[in-house]
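Q: If you're matching them up, the sequences are chains V and E in order.
Reading the first sequence from the start, the letters are residues 1 to 113 in my numbering.
Reading the second sequence from the start, the letters are residues 1 to 112 in my numbering.
No wet-lab data here; the hints were simulated from the structure.
Keep in mind that the hints are not guaranteed to be accurate.
30 Å max Cα-Cα, derived DSSO-like pairs, lysine-lysine [unchecked claim]:
hint: 1; chain 1: E; residue 1: K104; chain 2: V; residue 2: K68
hint: 2; chain 1: E; residue 1: K104; chain 2: V; residue 2: K24
hint: 3; chain 1: E; residue 1: K71; chain 2: V; residue 2: K78
hint: 4; chain 1: V; residue 1: K24; chain 2: E; residue 2: K107
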Amino acid sequence: DAGVIQSPRHEVTEMGQEVTLRCKPISGHNSLFWYRQTMMRGLELLIYFNNNVPIDDSGMPEDRFSAKMPNASFSTLKIQPSEPRDSAVYFCASSSFRNTEAFFGQGTRLTVV
Amino acid sequence: KNQVEQSPQSLIILEGKNCTLQCNYTVSPFSNLRWYKQDTGRGPVSLTIMTFSENTKSNGRYTATLDADTKQSSLHITASQLSDSASYICVVSGGSQGNLIFGKGTKLSVKP
Chain V
1 DAGVIQSPRH EVTEMGQEVT LRCKPISGHN SLFWYRQTMM RGLELLIYFN NNVPIDDSGM
61 PEDRFSAKMP NASFSTLKIQ PSEPRDSAVY FCASSSFRNT EAFFGQGTRL TVV
Chain E
1 KNQVEQSPQS LIILEGKNCT LQCNYTVSPF SNLRWYKQDT GRGPVSLTIM TFSENTKSNG
61 RYTATLDADT KQSSLHITAS QLSDSASYIC VVSGGSQGNL IFGKGTKLSV KP
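Bound conformation, chain V alone (with noise of 0.2 Å):
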């Protein structure tokens, strides 16, 4: 398996347009979590996936930020209009079941000037 794939590896966007990350997850794992991750806060949890069904999006910063996962395969996280402070890298990851080890993807730098 390749691993969990992520595209772009970066991306520089405007302020005010939109921008949809996307994640392919290693093929049988259940779960799929996006996190952010910034140099002041670290990494955060925005949303997870169970069995394509979004089970808790509390880390969601917003409502300009959204998240699918339209079959078991892939999903995508926009965001709507986007602005300079959600430049950050952005990292997908699944795991078989919520508790078992998680295998991030490379992430995508996105940088909103």
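With chain V held as given, fit chain E onto it using these hints.
A: Chain E in isolation, oriented as in the chain V frame:
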């Protein structure tokens, strides 16, 4: 409040030396504790995972300890190598929702 605190924030050591990173947590109820290694520009990779009943676990030159009574964990790196330069993140699973609570990490630099 469920929290994970790591120390030191950063550490510089010479190649070949040993070092110990600390993690204190206040997460309750506790499920498990993990140490991740994150190389620059990459996602975190799991080093160890320990449950309540385990007090030590090794992965090569990495040895993690857990004291569930004092809610402390340490990661000991033996005979450090340049490739050990990375951030080491302590993650505790637990709380009422069973969430993962991340420490902010210790940035380790190993110099030749």
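Q: If a hint holds in the structure, say so; if it doesn't, say that too.
A: Now for the hints, and whether the structure bears them out:
no. : hint             : in the structure
1   : K104(E) - K68(V) : holds (27 Å)
2   : K104(E) - K24(V) : holds (26 Å)
3   : K71(E) - K78(V)  : violated (37 Å)
4   : K24(V) - K107(E) : holds (29 Å)
Checked against the numbered hints given earlier, the structure breaks only hint 3 and satisfies all the rest.
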